[in-house]
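**Q** Each chain, letter by letter, is given below.
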Amino acid sequence: MRKISLSARQSISGFLLSMPSVILLLALYVIPMICLFLLAFTDYEMGNVVIKWIGLTNFNQVLRDPVFKRSLLNTLIYVALVVPISILGGLFIALLVHARTKTRSFYEVIYFLPVTSTLIAMATVWQFLLHPKLGPINSILKLVGIPAQNFLGDPTLMIATLAAIGVWQLIGFNMILFLTGLSSIPKEIYEAAAIDGVTNSIDKFLKITLPMLGPTTLFVLVTSSITGFKVFDTVAVLTQGRNQSEVLLYDIYLEGFTYAKMGYASVLTLIFLLIIVGLSSWQALHMDKKVHYV
Amino acid sequence: MSFQQSLNINSLVKSFGDVQVLNKVSLDVHPGEFISLVGPSGCGKSTLLRVIAGLEKQDSGSVSIGGSSVDELMPKERDVAMVFQNYALYPHMTVQQNISLPLEMTRLSWLQRLFLVGNFFTNTKQIKGDILKDVLKICKSLQLENLLHRKPAELSGGQRQRVALARAMIRNPTVFLMDEPLSNLDAKLRIHLRNELVELHKRLKATFVYVTHDQSEAMTMSDRIAVMDSGNILQIGTPNDLYTKPNSLKVAQFIGTPQINLFELIETQNGIYFWGNATTPINLHNKLATALALRPEHLVIETHRLSECDIHSSADIVRIEDHGSELLIHLTIDGFTNKIFVSRIPCSSQHVAFKQGDRIDAGFKLETALFFDSQGFLLD
Numbered sequence: 001m002r003k004i005s006l007s008a009r010q011s012i013s014g015f016l017l018s019m020p021s022v023i024l025l026l027a028l029y030v031i032p033m034i035c036l037f038l039l040a041f042t043d044y045e046m047g048n049v050v051i052k053w054i055g056l057t058n059f060n061q062v063l064r065d066p067v068f069k070r071s072l073l074n075t076l077i078y079v080a081l082v083v084p085i086s087i088l089g090g091l092f093i094a095l096l097v098h099a100r101t102k103t104r105s106f107y108e109v110i111y112f113l114p115v116t117s118t119l120i121a122m123a124t125v126w127q128f129l130l131h132p133k134l135g136p137i138n139s140i141l142k143l144v145g146i147p148a149q150n151f152l153g154d155p156t157l158m159i160a161t162l163a164a165i166g167v168w169q170l171i172g173f174n175m176i177l178f179l180t181g182l183s184s185i186p187k188e189i190y191e192a193a194a195i196d197g198v199t200n201s202i203d204k205f206l207k208i209t210l211p212m213l214g215p216t217t218l219f220v221l222v223t224s225s226i227t228g229f230k231v232f233d234t235v236a237v238l239t240q241g242r243n244q245s246e247v248l249l250y251d252i253y254l255e256g257f258t259y260a261k262m263g264y265a266s267v268l269t270l271i272f273l274l275i276i277v278g279l280s281s282w283q284a285l286h287m288d289k290k291v292h293y294v
Numbered sequence: 001m002s003f004q005q006s007l008n009i010n011s012l013v014k015s016f017g018d019v020q021v022l023n024k025v026s027l028d029v030h031p032g033e034f035i036s037l038v039g040p041s042g043c044g045k046s047t048l049l050r051v052i053a054g055l056e057k058q059d060s061g062s063v064s065i066g067g068s069s070v071d072e073l074m075p076k077e078r079d080v081a082m083v084f085q086n087y088a089l090y091p092h093m094t095v096q097q098n099i100s101l102p103l104e105m106t107r108l109s110w111l112q113r114l115f116l117v118g119n120f121f122t123n124t125k126q127i128k129g130d131i132l133k134d135v136l137k138i139c140k141s142l143q144l145e146n147l148l149h150r151k152p153a154e155l156s157g158g159q160r161q162r163v164a165l166a167r168a169m170i171r172n173p174t175v176f177l178m179d180e181p182l183s184n185l186d187a188k189l190r191i192h193l194r195n196e197l198v199e200l201h202k203r204l205k206a207t208f209v210y211v212t213h214d215q216s217e218a219m220t221m222s223d224r225i226a227v228m229d230s231g232n233i234l235q236i237g238t239p240n241d242l243y244t245k246p247n248s249l250k251v252a253q254f255i256g257t258p259q260i261n262l263f264e265l266i267e268t269q270n271g272i273y274f275w276g277n278a279t280t281p282i283n284l285h286n287k288l289a290t291a292l293a294l295r296p297e298h299l300v301i302e303t304h305r306l307s308e309c310d311i312h313s314s315a316d317i318v319r320i321e322d323h324g325s326e327l328l329i330h331l332t333i334d335g336f337t338n339k340i341f342v343s344r345i346p347c348s349s350q351h352v353a354f355k356q357g358d359r360i361d362a363g364f365k366l367e368t369a370l371f372f373d374s375q376g377f378l379l380d
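From first to last, the protein sequence lines stand for chains V and P. Throughout the first sequence, residue numbering follows our numbering, covering 1 to 294 in sequence. Throughout the second sequence, residue numbering follows our numbering, covering 1 to 380 in sequence.
Okay, chain P solo, but in the shape it has when bound (with noise of 0.2 Å):
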């Protein structure tokens, strides 16, 4: 029983009739790292992990596990495990039969596993008790042991889930494959059990690959983030990299709520830009830029804050969204028509109060702001 083992996936490529959804994907896991695949729906960071589990044939490329290949091997032989989306549980199984086949597909030979036939083979009996007492101790880690006689029809949402959890933990597998396993859960569950997952995790220190298209999971659970787009990686990165330095404009957009907002620039002449209405040019040196990104948190607007912005231009609130811990203030900026922009201030500082109509002043610090060249790439 080896945990901790690395996942490498090199130049994978996988079409579907004439629709290419990997195109030469490459990446390597650590041993032991949680590593989460976000992006829009149809990126193919499903079919990525589906080929990672044998169970789609990829058209080329390879995948290894702990270092050899396991291309020619089928998904059983992989040692990977697999939580799936609606957690395809064995509806006619009782949640100990669900946790306990992949152990007696395993443990027990074709004629044990056969229906009397079984009892004649003297050891079956002894199989079937420890198998048991694994099934019994899974259970009690992951708090199931009085569902053991339930259907899943019998069960809530989370108790599935977990259920899904323990069917997959049952052989140690090395590799841990997730499929939006929380997406099918109430907001509340699914926060309580981002915790759980993390903790569990930790208790494994196996492989995680965890498949979302929602960029707060990956951010709260990774290890390290790898945000895909039709088919490619964009950027791999811990959730700090990929908040503070997106490479492209894409992940900037899919990393953070609320949305990063984005600035069209125009140049004036050579590298020298200018912010709205204000009076400080931004002088990039020469390079070009076409657009100017800045997370809610870094436009300010706060009075005793603006003075340390180096840009200023004036603005107005259209509306504000108070969390209660944070307020969300809705601006337009005078000079970028028909846009509304989001600053984000914590509750602590409203002793400004900020109302809606009120017009103000909006800026930011040169270096909060991202720049991004024509083909949406980031610029040093």
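The shape of chain V in the complex, shown without the other chains (with noise of 0.2 Å):
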């Protein structure tokens, strides 16, 4: 038998140690990109025998594609609204749920309810709370003088209604990360700090909380703008995309899937990936050197 030196038996059982996650990795990201990318330059429609390549002629088209800037726009707006607001609104509830003792496993539930259930199941339940006619919320801002809206197909408050439901989504998994990051500073600090000066709540929450939350934070500020750059459910399942309450994901499943055009939606989808990576590595990078990592 041929004597295989030790090196060469080394990377050999490497290489066949990192086949599993290499071969994973192949098969559910890097050739389904190579695919899309690829795909952006043909005429490709689901159906089709014959893939013809039409080079740049899709991304002209994109650009010139007046659904896509407003979905573009719309999705912007949402993002926007949903991600500082479900941050601060996340981390003020999570400041409250922390100072409970007793009661706080009862507010953790309540909070993250939202995140637990499944959105097209209670579409159903805003759709009847948002109703023009029925709904409870219209029924109140009657009592206090306003008139009834229709938030699900009014233009201008299309895109607020879809975030706020994105809100209401998304700050109970901000709020229990934020709690983690709060049970995680050391209790010696704040009586350090006690012993130091730092006594009233404002100085309390600037001098030590808020910096000691950096690395939470960071985080939480990467996965919501994720999230809130991928809406798509609320807008498919409450608005079907009616009255120009397109977005992003919904323009990217119209194109593909209602009118398959497969090559077009490839573009879409280059670009939406293009923004998640870009945003959330400029937030990463840009923001690793302020925050402090214990």
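There's no promise every hint is true.
Said to hold, decoys possible - Which stretches of chain V does chain P cover? Using the computed rule of at least three CB atoms under 8 Å from a CB of chain P, they are:
#, stretch
1, 185-194
2, 209-222
Stated by the list, open to error - In silico negatives: residues of chain V with every beta carbon more than 12 Å from chain P:
#, residue
3, Tyr29
4, Val30
5, Ile31
6, Asn48
7, Ile54
8, Val144
9, Pro147
10, Ala148
11, Thr156
12, Gly256
13, Phe272
If you're looking for bench data, these hints aren't it; they were derived computationally from the structure. All C-beta atoms in this analysis are idealised placements derived from N, C-alpha and C, irrespective of residue type, glycine included.
Could you use the hints to bring the two separately framed chains together as a complex?
**A** Pasting the structure below:
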């Protein structure tokens, strides 16, 4: 038998050991991305037998597409509403819940429920709540003298309404993350601070709590932004893109699956991925320097 | 700025739920004294320190600093500084920021501390300059000048300890409270920092209350030691007092390494006891003792010293520990089955070459023996 050197044997076993994850990575991420990239340059439609290479035609078309522009704008507005409100709200609720001792788990469950519920099912509830004529929200508005609003029909209100539902869905998750962050701040730090004269709550929050929550906040920011950009189900169920309420993912879904224009949808998906990767890596790189890790 | 304040603790009681952690503890610390609180874990020493600091509220009793009660004062108003076991440095701040925080909190108003807004006050800059000057001075005295812009995570254990000390010193507190400040360091650094702390105490002349479970730390550093057990102070005294005249068995056993040798005594007639197979009786003149304790250096086995001993018994050498400067001889003594005793002899007297398994004589002078009654209290 031919002798194999130790280093060769080590590289073979290293290679074999890394195979499972390499195969998974290739099959789940790399190959689909390459396919997506290639499809973007074709006129492929679902069911087509012949695929034609059409170069940048799809890209040109996207830039002149009013629906795409609208969906991009809608998504940006949605993210701009959902991300800050769900982060600040989540932090605020976490601070309140953290201060509870006996009722803490009760509030945790209450606020976390929306995260666990399926939105498709909850959409029916929202539809009822927001119904222009029958909905209790409009009844309350009427009581205080505000005329009934068509929350899911009025183009000026639709994105804000969807964002409100988005916040409802996300705030509990962010709260749990902030609670974990709060619990990981050692008690001695606050005791040392009490002796050093950091006594009122605002000082404590600004000097200790907020900076110590840095890593948590960064994580919450990145995940909330991604979740925000990925908004789809509320639109698909509640508005179906009516009255110009399309968002990025809904536009991709329309082009790719309703109109079967896979090539075109691939371009939209590429743009979507670019935004997500760009934003989260910018946040991570930019904020990482400012954030303190213990 | 007044250093040298006394600290008086008057029958403090503190319970957590059903557990009474402090049981009417009273303690008077003289101005400028270095006092250690020692005891096994759970004896209440840390709780006592935290009550003094104001981090825990006592159920009853009072704490006064410099003669006036601080019971109603918040921690920052008590003019105390505390060094925590794990240092409790602010991890997100640099060394300089850590040390200057106490000064910023006292010297700057709330608005002056606010980001940007503070710059509108004309004297903010000057106060900040003064603070920096003070911080640099402290840092220089503790050799921290080169670490000012590092974060605690980038420091070694000893350096963190110094930063914690600097943060405690910066406000010139009258009382320093230290909660096992050296226990997270390696042995060599610990010994080194012991000396630094003693030097620091001499220099600052402030009152130090030092909590430790390590009796040798307490013995080497303190002016006086308070030995605590299950919420009570058993004895307060100088290290020498505690070593030579412990008032109870618990103190005798807690203080000193190796532990004090303990022999059970059984009365044969009124006040007459025999030690091992010794032929000479011990006459305690009608006093009732149940135990006799001997420090290892008082359990004599060298032939030339045995003649001075009042009581003798035969013994066997089980093991010899050579510490270089001294030998610790582990013995069994006839009449005390299944018990190992330790005799300490200096190495200079090693003209007797003891070997494991040797059959020898062991004895002691009566004046060196401590006798305890059935409650564990010292007999005079």
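**Q** Against this structure, judge whether each hint is valid.
**A** For each hint, the structure was consulted:
Counting residues of the stretch 185-194 of chain V whose beta carbon lies closer than 8 Å to any beta carbon of chain P gives 7, which meets the minimum of three for the stated coverage. Counting residues of the stretch 209-222 of chain V whose beta carbon lies closer than 8 Å to any beta carbon of chain P gives 3, which meets the minimum of three for the stated coverage. Look at V:Tyr29: its CB is around 34 Å from the nearest CB on chain P, clear of 12 Å, so calling it non-interface holds up. Under the 12 Å C-beta cut-off, the non-interface status given to V:Val30 relative to chain P holds; the minimum distance is some 36 Å.
Against the 12 Å criterion, V:Ile31 stays outside the reach of chain P, whose nearest CB is about 41 Å from its own CB. Non-interface status of V:Asn48 relative to chain P is upheld: no Cβ of that chain comes within 12 Å, the nearest being about 57 Å off. At roughly 54 Å from the closest C-beta of chain P, the C-beta of V:Ile54 stays outside 12 Å, upholding its exclusion from the interface. With a closest Cβ-Cβ approach of about 37 Å to chain P, V:Val144 is found to remain outside the 12 Å limit, as its non-interface label requires.
Every CB of chain P is more than 12 Å from the CB of V:Pro147 (nearest about 43 Å), matching its label as outside the interface. Every Cβ of chain P is farther than 12 Å from the Cβ of V:Ala148; the closest lies at roughly 45 Å, confirming the non-interface assignment. No beta-carbon of chain P is positioned within 12 Å of the beta-carbon of V:Thr156; the least distance is around 36 Å. Against chain P, the non-interface label of V:Gly256 holds: every CB pair exceeds 12 Å, the least being about 46 Å.
Listed as outside the interface, V:Phe272 is consistent with that label: its C-beta sits roughly 36 Å from the nearest C-beta of chain P, beyond the 12 Å cut-off.
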